[in-house]
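Participant: Spelled out, the chains give:
There are 2 protein chains.
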Amino acid sequence: MGIVLKGNVCYSQTINKLRTVENCYLVCEGKYLLGVFKTLPMLYKEFPLADYGDCLIIPGLCDLHVHAPQFAFRGLGMDMELLDWLNTYTFPEESKYIEIDYANKAYGIFTEALKRSATTRACIFATLHTPATMLLMEKLEKSGIVSMVGKVGMDRNCPDILRQVSAEAAYLSTKAWIEDSLDKFERTTPIITPRFIPTCSDELMRGFKKLQAQYSLPVQSHLSENIGEVEWVSELCPSSASYADAYEQFGLFGSEGAPTVMAHCVYCNEKDDELLQKNGVYVAHCPQSNINLASGIAPVRRYLKKGINTGLGSDVAGGCHLSILRAMSDAVGASKLYWRLISEEYEPLTLNEAFYLGTTGGGSFFGKVGKFEPGYEFDALVIDDSTIPTTNPLTLEERLARVIYCSNDSHIIAKYVRGEKLNNEPDK
Amino acid sequence: MGIVLKGNVCYSQTINKLRTVENCYLVCEGKYLLGVFKTLPMLYKEFPLADYGDCLIIPGLCDLHVHAPQFAFRGLGMDMELLDWLNTYTFPEESKYIEIDYANKAYGIFTEALKRSATTRACIFATLHTPATMLLMEKLEKSGIVSMVGKVGMDRNCPDILRQVSAEAAYLSTKAWIEDSLDKFERTTPIITPRFIPTCSDELMRGFKKLQAQYSLPVQSHLSENIGEVEWVSELCPSSASYADAYEQFGLFGSEGAPTVMAHCVYCNEKDDELLQKNGVYVAHCPQSNINLASGIAPVRRYLKKGINTGLGSDVAGGCHLSILRAMSDAVGASKLYWRLISEEYEPLTLNEAFYLGTTGGGSFFGKVGKFEPGYEFDALVIDDSTIPTTNPLTLEERLARVIYCSNDSHIIAKYVRGEKLNNEPDK
Chain Y
1 MGIVLKGNVC YSQTINKLRT VENCYLVCEG KYLLGVFKTL PMLYKEFPLA
51 DYGDCLIIPG LCDLHVHAPQ FAFRGLGMDM ELLDWLNTYT FPEESKYIEI
101 DYANKAYGIF TEALKRSATT RACIFATLHT PATMLLMEKL EKSGIVSMVG
151 KVGMDRNCPD ILRQVSAEAA YLSTKAWIED SLDKFERTTP IITPRFIPTC
201 SDELMRGFKK LQAQYSLPVQ SHLSENIGEV EWVSELCPSS ASYADAYEQF
251 GLFGSEGAPT VMAHCVYCNE KDDELLQKNG VYVAHCPQSN INLASGIAPV
301 RRYLKKGINT GLGSDVAGGC HLSILRAMSD AVGASKLYWR LISEEYEPLT
351 LNEAFYLGTT GGGSFFGKVG KFEPGYEFDA LVIDDSTIPT TNPLTLEERL
401 ARVIYCSNDS HIIAKYVRGE KLNNEPDK
Chain D
1001 MGIVLKGNVC YSQTINKLRT VENCYLVCEG KYLLGVFKTL PMLYKEFPLA
1051 DYGDCLIIPG LCDLHVHAPQ FAFRGLGMDM ELLDWLNTYT FPEESKYIEI
1101 DYANKAYGIF TEALKRSATT RACIFATLHT PATMLLMEKL EKSGIVSMVG
1151 KVGMDRNCPD ILRQVSAEAA YLSTKAWIED SLDKFERTTP IITPRFIPTC
1201 SDELMRGFKK LQAQYSLPVQ SHLSENIGEV EWVSELCPSS ASYADAYEQF
1251 GLFGSEGAPT VMAHCVYCNE KDDELLQKNG VYVAHCPQSN INLASGIAPV
1301 RRYLKKGINT GLGSDVAGGC HLSILRAMSD AVGASKLYWR LISEEYEPLT
1351 LNEAFYLGTT GGGSFFGKVG KFEPGYEFDA LVIDDSTIPT TNPLTLEERL
1401 ARVIYCSNDS HIIAKYVRGE KLNNEPDK
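Chains as they are written, first to last, in my numbering: chain Y, 1 to 428; chain D, 1001 to 1428.
It is worth saying that the hints were derived from the structure and are not from the lab.
Among the hints, a few may not be true.
[To be verified] In silico negatives: residues of chain Y with every beta carbon more than 12 angstroms from chain D:
#, residue
1, Tyr-44
2, Asp-160
3, Phe-185
4, Tyr-215
5, Leu-236
6, Gly-257
7, Glu-347
8, Val-382
[Stated by the list, open to error] Here are a few chain D residues that face chain Y, going by a calculated C-beta distance under 8 angstroms:
#, residue
9, Ala-1072
10, Gly-1075
11, Trp-1232
12, Cys-1320
13, Lys-1336
14, Ser-1386
15, Thr-1390
16, Pro-1393
17, Glu-1398
18, Cys-1406
Cβ atoms here follow ideal geometry from the backbone N, Cα and C, with glycine treated the same way.
Assemble the whole structure, with the sequences as input and the hints as a guide.
Facilitator: Written out as structure tokens, the structure is:
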């Protein structure tokens, strides 16, 4: 048996084409959308109908980059740049996840917030601690959100308390964690997660490649976020032609069988662009974090012109907000400043393009996700925008713009993932 | 009889010094603060006490630049630059305020939102329509917020429907409006408001100067928001040495007896800076609007180094959000990109500096406003941040940072202006 939702639909058919349909029926069976209909076909008259009246229904949003253990301190330390911020806030905080009680409390806060947010799919960094990472996966599984979660690898250039004792130990513990988690959940799967080149020895990277290949796993990491970081990587990997090439040399930059996503990509050079494009690697564009950490602005227009896969990330807690709606407006704003201050060659993103990035752009990392087209997995948000008052009749496209710029989590009145409505009661 | 508030206090003593006092008493008599006390002096034991427990109490925030008639369409047209956006959205919308019923509905929406926001003082643009502007002033007066409201002057370079028929007609209607409104309200006063040089003839500017001088009124307008606008002004005023000088030549750039505030100041040159500084003119920094309209980034650090008065503005609907807390985090973000992309000579604003700008920085435009020091008018926000959960004990300064980055209007549980608690029931 399926379900039917009635309301006003907006989604990106392509990056240049927003489709809006007033007062229509979304028909879903199992995990999948069967179609969008102006008149409900006889065939589906028996399906239970959720009538959302004049609400907007949009695809669920995809967060391609978020750090679960950083959520509890979001908004702090924002007067620092990346490397200082990591050492002062992030690493001390992440070291606390060795205690399962602490992780239970902090990941509870994160998961509840994610449930109430606009996100339906996420690529998530945990810490290096296996029990805490498994606990996070359990909580996420219960939340109904679909996620890929990474036990983080670090065996150099970090505080002792967060350094894995050896590359081999890291390899073995990661392998054990993968075997435990790989088939344990319906919605929650492991993803290979070297933190970034500076914290991962060559041997650890080779170990991660071995695991990636053995289990056909996706990969997530960071690329070219900050000028100092890029210089550091070129010193650490003298044989690499670029930062992306450093990952590529280890076979962790767009492997067979599963996609790779790289957060930030603020300072990619031509060689990096070429590898991103050739290998189908995803850019997780995190504009708010790039501003908060004074990193700069990623050249998203350039990536789009080159046909590089691009989606959005909140990068909490470099970003302070889980909302991918906020990431959309931040992406537009950042692209305007890129155009104004860096290069008029790259015109600003339109709001519709940013909406695409947060839905289909990132959604394709998870398969057929992010659009309301037949055969796509059905992830949706129902948004009541009646409390964003106006005096003029608005088109659906205009209402969507106001939702992106002016709404918050309280406007989301229902959330569906893979065809199932999420329970929005807090998990006890 | 006075009142006493109990809670955790944060305010900027100077731009470089945040004062935080845990668990203290704010004592207020009439409009004014008598002091902040760790122990309540005997003298005030009889004053009624509002115990806000573990809440934060911060000064009310000052919005130095907001367009009331644009609130109803905030979030629309953000893919345009200033001059196109004015012609496509703003001017057609503002022309509707000739109808008092429309104004009643739209200004009702604006005033209710302002009441719920963190703003306690505001410099507000209305439209050129006198009845609608008076209606807005009545609504604002009832709201309890203290504001300066401008009937806007425009007699050239705008659609016919918004063009005052002559400079003389504009002068006369503005004079009549000033006389009607000047002593009518306790909290709401007129401010001389030429929209900006491009829409005001020399004769209109001279008329405004006459009114400014006759009634000792403050002045608000726009300065150097956009590159095309700056070029246009230099063509329109060939005898002026700079955009600021064009206002100065009319005597409307920091007059005796009342202050002037200029929104934006993104592209000021040395001559502009000199006049801003010399005349004590306020910069209303509106970072979100400057990003949304792809204008650029104002050099706030430069203004601070030169001792130029600076506060924050929401610039709704160039900005989409009334929140001056949001303006603080946007100001910090914009200054980071200024430092990274334009000039490393000007270090980013710290969050505490941005907090100063949104409280004392803008507050001084209204007199002794924006700090919790004896003799200051008592404007305050009581903020319950317990629903921004964390796992670690936080200092008051850290809690304030999270309020700035992560709170929304729903966290404001009480608002005081000039010693009175605002009623937060909607106006019927």
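Participant: Evaluate each hint against the coordinates.
Facilitator: A quick look at each hint next to the structure:
The beta carbon of Tyr-44/Y is kept farther than 12 angstroms from every beta carbon of chain D, the shortest such distance being approximately 35 angstroms. The beta carbon of Asp-160/Y sits about 21 angstroms from the closest Cβ of chain D, which is more than 12 angstroms, so the claim that it is off the interface holds. Annotated as non-interface, Phe-185/Y keeps its C-beta farther than 12 angstroms from every C-beta of chain D; the closest such distance is 25 angstroms. The claim that Tyr-215/Y is not at the interface with chain D holds, since no C-beta of that chain comes within 12 angstroms of its own (minimum 32 angstroms).
Against the 12 angstroms criterion, Leu-236/Y stays outside the reach of chain D, whose nearest CB is about 23 angstroms from its own CB. Once the 12 angstroms rule is applied to beta carbons, Gly-257/Y is consistent with being away from chain D; the minimum gap is 38 angstroms. The claim that Glu-347/Y is not at the interface with chain D is violated, since a C-beta of that chain comes within 12 angstroms of its own (minimum 10 angstroms). Distance to chain D confirms Val-382/Y as a non-interface residue, since its nearest Cβ pair spans about 19 angstroms, more than 12 angstroms.
Because the smallest distance between the Cβ of Ala-1072/D and any Cβ of chain Y comes to about 4 angstroms, under 8 angstroms, the interface hint for this residue holds. Look at Gly-1075/D: its Cβ gets to within about 4 angstroms of chain Y, closer than 8 angstroms, so that hint holds up. A cut of 8 angstroms between beta carbons decides the hint on Trp-1232/D: the least distance to chain Y is about 18 angstroms, and the hint is violated. Of the supplied interface hints, the one on Cys-1320/D holds, with its beta-carbon coming within about 4 angstroms of a beta-carbon of chain Y, less than 8 angstroms.
With its C-beta approaching chain Y no nearer than about 4 angstroms, Lys-1336/D sits inside the 8 angstroms limit, and its interface hint holds. The criterion of a C-beta within 8 angstroms of any C-beta in chain Y is not met by Ser-1386/D, whose closest approach is roughly 13 angstroms, and the hint is violated. The restraint placing Thr-1390/D at the interface with chain Y holds, with a minimum CB-CB distance near 5 angstroms, inside the 8 angstroms limit. For Pro-1393/D, the interface hint is violated, the least distance from its beta-carbon to any beta-carbon of chain Y being 12 angstroms, above 8 angstroms.
At its closest, the beta carbon of Glu-1398/D sits 6 angstroms from a beta carbon of chain Y; the interface hint therefore holds under the 8 angstroms criterion. Interface restraint check: Cys-1406/D against chain Y, minimum CB-CB distance 5 angstroms, threshold 8 angstroms, status holds.
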